[in-house]
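There are 2 protein chains.
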Amino acid sequence: MTTPRVGFLGLGEAGAAIAAGFAAAGASVRAYDLALQDPDRADAVTARADAAGVELADGTAELLSDRDLVCSLVTSDVAVRVAQDAAPHLGAGQVYADLNSTEPAQMERVAELLGPSGAEFVDGALMAGVPGPGHRVPVLMSGPGAERAASWWAQLGGEVDVLSDVVGAASVVKLARSLVVKGLESLFWESAIVAERYGEAERVLASLGTTLPGEQWNEFAGYLMGRTVRHGERRAHELDGVARMLEAAGLDPHMARATGARLRTVVAGLGPDATPASLPADPAGLARAADDDAPAT
Amino acid sequence: MTTPRVGFLGLGEAGAAIAAGFAAAGASVRAYDLALQDPDRADAVTARADAAGVELADGTAELLSDRDLVCSLVTSDVAVRVAQDAAPHLGAGQVYADLNSTEPAQMERVAELLGPSGAEFVDGALMAGVPGPGHRVPVLMSGPGAERAASWWAQLGGEVDVLSDVVGAASVVKLARSLVVKGLESLFWESAIVAERYGEAERVLASLGTTLPGEQWNEFAGYLMGRTVRHGERRAHELDGVARMLEAAGLDPHMARATGARLRTVVAGLGPDATPASLPADPAGLARAADDDAPAT
Chain A
1 MTTPRVGFLG
11 LGEAGAAIAA
21 GFAAAGASVR
31 AYDLALQDPD
41 RADAVTARAD
51 AAGVELADGT
61 AELLSDRDLV
71 CSLVTSDVAV
81 RVAQDAAPHL
91 GAGQVYADLN
101 STEPAQMERV
111 AELLGPSGAE
121 FVDGALMAGV
131 PGPGHRVPVL
141 MSGPGAERAA
151 SWWAQLGGEV
161 DVLSDVVGAA
171 SVVKLARSLV
181 VKGLESLFWE
191 SAIVAERYGE
201 AERVLASLGT
211 TLPGEQWNEF
221 AGYLMGRTVR
231 HGERRAHELD
241 GVARMLEAAG
251 LDPHMARATG
261 ARLRTVVAGL
271 GPDATPASLP
281 ADPAGLARAA
291 DDDAPAT
Chain B
1 MTTPRVGFLG
11 LGEAGAAIAA
21 GFAAAGASVR
31 AYDLALQDPD
41 RADAVTARAD
51 AAGVELADGT
61 AELLSDRDLV
71 CSLVTSDVAV
81 RVAQDAAPHL
91 GAGQVYADLN
101 STEPAQMERV
111 AELLGPSGAE
121 FVDGALMAGV
131 PGPGHRVPVL
141 MSGPGAERAA
151 SWWAQLGGEV
161 DVLSDVVGAA
171 SVVKLARSLV
181 VKGLESLFWE
191 SAIVAERYGE
201 AERVLASLGT
211 TLPGEQWNEF
221 AGYLMGRTVR
231 HGERRAHELD
241 GVARMLEAAG
251 LDPHMARATG
261 ARLRTVVAGL
271 GPDATPASLP
281 ADPAGLARAA
291 DDDAPAT
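Residue numbers (the UniProt record's numbering), protein chains in the order written: chain A, 1 to 297; chain B, 1 to 297.
Derived from the structure by calculation, the hints contain no laboratory data. Note that CB positions come from ideal geometry on N, CA and C, so glycine has one too. Check the hints yourself; a few may be wrong.
[As the list claims (entries may be wrong)] Chain A regions said to be covered by chain B (calculated; three or more residues, Cβ under 8 Å): (1) 69-78; (2) 156-170; (3) 183-196; (4) 226-235.
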């Protein structure tokens, strides 16, 4: 089995970390990033490519001319545009994996755009943060090209779970899972805020340990609530995608919408001094700060 | 320490189970239930009292005339009315424990109604189903009479966690905890329903085990989702109380309202043949049945 030639559309933090792992495993890795056209950002991309041991292409056409596997890792708002630009330069025998964090409907749209090219499409979902594990990050893939992409991934030392040939399957698992985790985070907040009016936030979190499986619920709640402090706006934004996914499936996004709304009220109420370390030792302070009505103090 | 004389206002399933335990432990236990005035229901109450070894009083006044501890265990919609009827017959030295599943504001209202009587009030929360454990059910108490009620409870073989002398503390813990558990149940449903459109409901539930503490998440999700099937309407109704609690505290009940709404759509979509045993082996069937748009088939 020959080593695959891999191309990256987008060389941000995630793309660079995976590309570096593939390059270190002996693959030919080339990348192109739209930021190369921006004089203010081009240098940063070039530095990232150098650090990753990745060659840069002059444009999409050049990049795609000889790649076996193309990975799209851009920001979710430009994922469709990048696929549109790529489509004319792709052909049969190539595999195009969209690894962006988007909802199933957007994966289906990208698959449709690439259809005429003859390239096989992969709906891919990165299931954890990439910095750290790099190309060993857990990945789910579905769609017609998933098996081929997964075998190349394995050849380079990564591991992919292939779900089915249904485009949308990988991204629905990622977002549905995200709904539960972020929804739970919002439930902890809403419960803690109201319980703290009676001085009992910590007791609620502690008592959940007697009901839910596992034993570290107080800690886990603190961890999740700390995530709101650090990444609340981004997490709320991700829930907008989950809500769109439900709507596209003809379902009312009750929990998804409420989760996004709750995370946003918490973020709005948290002052810059609120840190995860203050949790759950001082839920009272955070509960006051997260009050829907009171502005942050 | 003399054995307390205990009175029960309300001798439904929960009241009878606790009363039976107290009677068996040697307490003098008497009860009165409004259903005794209804010819169609009086016989059932009498039979329940006989089975529990509990004497029946002729009315509220007689019941309360010599009781140390009075436990109100009626339906939540009549808890305030029952307290109103009791107030003129209570006096200093007596303890009145409202053990109904109501929100803190309602406990505060009952406390206010009983204030002039001189009886000490207890906000009590039963933290599990009573049939089975009986008077050994986990109980939280707060309010001025909590310590005395708890020591009587202990004398009779039960165990009470006393939180504080703040009326509302026990009920806020119960409802805030309930919000997390039922909210999680709704998150499982919403996630499973949308994921099953792509054939991946089980994978989402299974994959949560890699993130959440503990290891039996697939089973726990199945258990909670089964609760929706059996008790969804009652659970949604409880969430209405949670939402009122948040509103009374000046907070938007984002998650509480969404949880109630999601449970109701699931209940509406579940046919009479849906059983917990079909979970998670057949989430597809339940997901189809729980579709927001499609009526139950």
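Problem - Those earlier numbered hints the structure runs against, lowest number first - result: Hints 1, 4 are the ones this structure does not satisfy, whereas the remaining hints hold.
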